[in-house]
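Trainee: Here are the chains, one letter per residue:
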Amino acid sequence: MSTVATTDPVLTPAHSTAISLRGRLQDALPKIVLAPSFVITLVFVYGFIIWTAYLSFTNSKTFPSYALTGARAYQRLWRWTFESDPPSSWYTSITNMAIFGFLYVGICLALGLFLAILLDQKIRGEGLLRPIFLYPMALSFIVTGVAWKWFLDPGLGLEQTLHHFGWTSFHFDWIKNKDFVIYTVVIAGVWQASGFVMAMFLAGLRGIDGEIMKAAQIDGASPLQLYRRIVIPLLRPIFLSAFIVLAHMAIKSYDLVVALTSGGPGGSAWLPSNFMYEYTFKRNEMAVGSASAIIMLMTISAIIVPYLYSELKEKAR
Amino acid sequence: MRKFMSSAAVAVVMMAGLGAAQAADVKEVQMLHWWTSGGEAAALNVLKQDLSKEGFAWKDVPVAGGGGDAAMTALKAMVAAGTYPTASQMLGYTVLDYAQAGVMGDLTETAKKEGWDKSVPAALQKFSVYDGKWVAAPVNVHSVNWLWINKAVMDKIGGTQPKTFDDLIALLDKAKAAGVIPLALGGQNWQEATMFDSIVLSTGGPEFYKKAFNDLDEESLKSDTMKKSFDNLATIIKYVDPNFSGRDWNLATAMVIKGDALVQVMGDWAKGEFVAAKKTPDKDFLCYRFPGTEGSVVYNSDMFGMFNVPDDRKAAQVALATATLSKSFQSAFNVVKGSVPARTDVPDTDFDACGKKGIADLKAANEGGTLFGSLAQGYGAPPAIANAYKDVVSKFVHGQIKSSDEAVKQLVQAIDDAR
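Protein chains in written order, with UniProt numbering: chain A, 1 to 317; chain B, 1 to 419.
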């Protein structure tokens, strides 16, 4: 703004200060507008992270207590990490997280890409098909969970229906089975999110320059080669976005487990978020709950931060 | 991640609570509770009317969601913000937790005037009196060691009241042979643990139950009797239909009501479902004590915790407490709710056969010293321990813990961890 004042020397001093005041205000406007949300984020995200970290070193039970008592909560979690027979709740939670996270992200990416490629073949009725695939995303996890709970319940849904149709040997009770219940969570989760991933990939596919494709086709590339060598590598940024969206949805899924399985037989469908909520708010073991939240945060950081870092560095280059 | 969101939610609730408190009227009773189902709401209406007669308005502090978890979270936030409701529905050790935190009011004067010391069973006073001061008004007594049986099915298979655990198994066998699901159970940890409460009492007797599940005596927890209890649990679980996992308790009750199943082991809130379905005790359904537990009562109780409100709101609180423990309300409320009055001097004229039995049992158990807090319902030990116990029982039922030896080892370890 000072440049405005200096390039216009005929202005009276009073006029010039008015402009510079206005200018300064204009300059500061974005900061003023952003400040409240910045402060809110600072306090309610980072402030509470620090608070949670602090609580994990106390012996808080029902209410937060602020006397530091050492890392007893972490010691317990550490011991529970290796209690696999019978599995401790924490062991169940983290192994489920590994199974669910891997399958959910993997299948969603694969299925989403597959659907996007099919939809990208300039088929008729695309406008109708796209929202059909995308719509499950509009449902909350609770609705998804309840709907799939009824569908998968052996006494109500799929199994019962097929029995009515005469296929009485059909048997599918995963949702009641402690060893398989986590896979039903994967099924419901994938059903909900893969359409959304498809939309992301479809947008990416539409953004690819047609000239490159044509050139490759003239060079004699088969459709398979075309996708494997050119299209999919070009979609890399979409993979990154989709991965981040899916990964954080996987880590925060709590409601899906509750609505679909109510925790599963003997708590066998728990994810770490269920563990954290149960211990903090239902069992009044706030210290253990906080410690598990911190461990979750560190685990996510350990995966996401290096990945983001490498991706962003590449882009900057 | 959840944690931070919850913290934010807590903060929002705190602000909301603040607004509510500022608008508080001194002639108003603010009440936090999760009695939202039809019967429960009708039962509470009795109290609302009693209070309005004395000129006090009733204000629900709205908390969605049954089971009370959401309500307890909201209460925690309100208390953290220093804006107490007049009273809140609370269970067992929660009352003591809040009393320890120094936020509960003192109703000793009212208690003296109304003679609560004599009429309320000593076992309940353990939770409503803290440090010599009355901090809560018990509303009812539920007992959990009941069998609920469909009479038509019972007649069909020619069964009689089981007197011992083996009798019960024989009866279940009969039902199985007749093609009825013998035992209706919901596979949620609290339901499994509630049934196990009865099994332990039946297997080990009253002394053993008290030592193991109220005093948490390690020798008893480790003993062969506890192993035998787990063996008995394994035996009885074989009579459950394969689709039981995750089923709600009222759906299991519905199976008995409809005659799909013979028996449910459940607290007397199950009676509310029978009554709502227009069934009459001794005609359509039978209520027996779990075999081997006659003479003892494993209880839980709903309480109205009274908070330390400012003096100008005290009158409303005293009126609420007095109305809650009045004989007329205790009778009217518990007839609807299925439980029995929290004082032993309420006449049983309005109650049905099961209710009369329950009142008599409670009186006898109170006098005979066989009234025990249910560990599964949070009256035997603080929530951390009660939940650790539910975990172990549930893992045993669903096969993650494979033997009763292992179950006992896990139980001792889990309780030790949670101490």
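Hints may contain errors.
In silico EDC-like links for lysine to aspartate or glutamate, alpha-carbon gap of 16 angstroms or less [unchecked claim]: (1) B:Lys402 / A:Asp209; (2) A:Lys149 / B:Asp248; (3) B:Lys402 / A:Glu159; (4) B:Lys176 / B:Asp260; (5) A:Lys282 / B:Asp260.
For the record, the hints were derived by calculation from the structure and aren't laboratory data.
Trainee: Are the hints correct? Go through all of them and say.
Mentor: Here is what the structure says about each hint:
1. Of the pairs offered as hints, the one joining Lys402 (chain B) and Asp209 (chain A) is violated, with about 61 angstroms between alpha carbons and a cut-off of 16 angstroms exceeded.
2. Proximity of Lys149 (chain A) to Asp248 (chain B) is assessed by CA-CA distance (about 13 angstroms); at most 16 angstroms being required, the pair is judged to hold.
3. Taking the CA atoms of Lys402 (chain B) and Glu159 (chain A), the gap is near 28 angstroms; set against the 16 angstroms cutoff, the hint is violated.
4. About 11 angstroms separates the Cα atoms of Lys176 (chain B) and Asp260 (chain B), which keeps this hinted pair within 16 angstroms; it holds.
5. Straight-line distance between C-alpha atoms of Lys282 (chain A) and Asp260 (chain B) comes to about 34 angstroms, which puts the hinted pair past the 16 angstroms bound.
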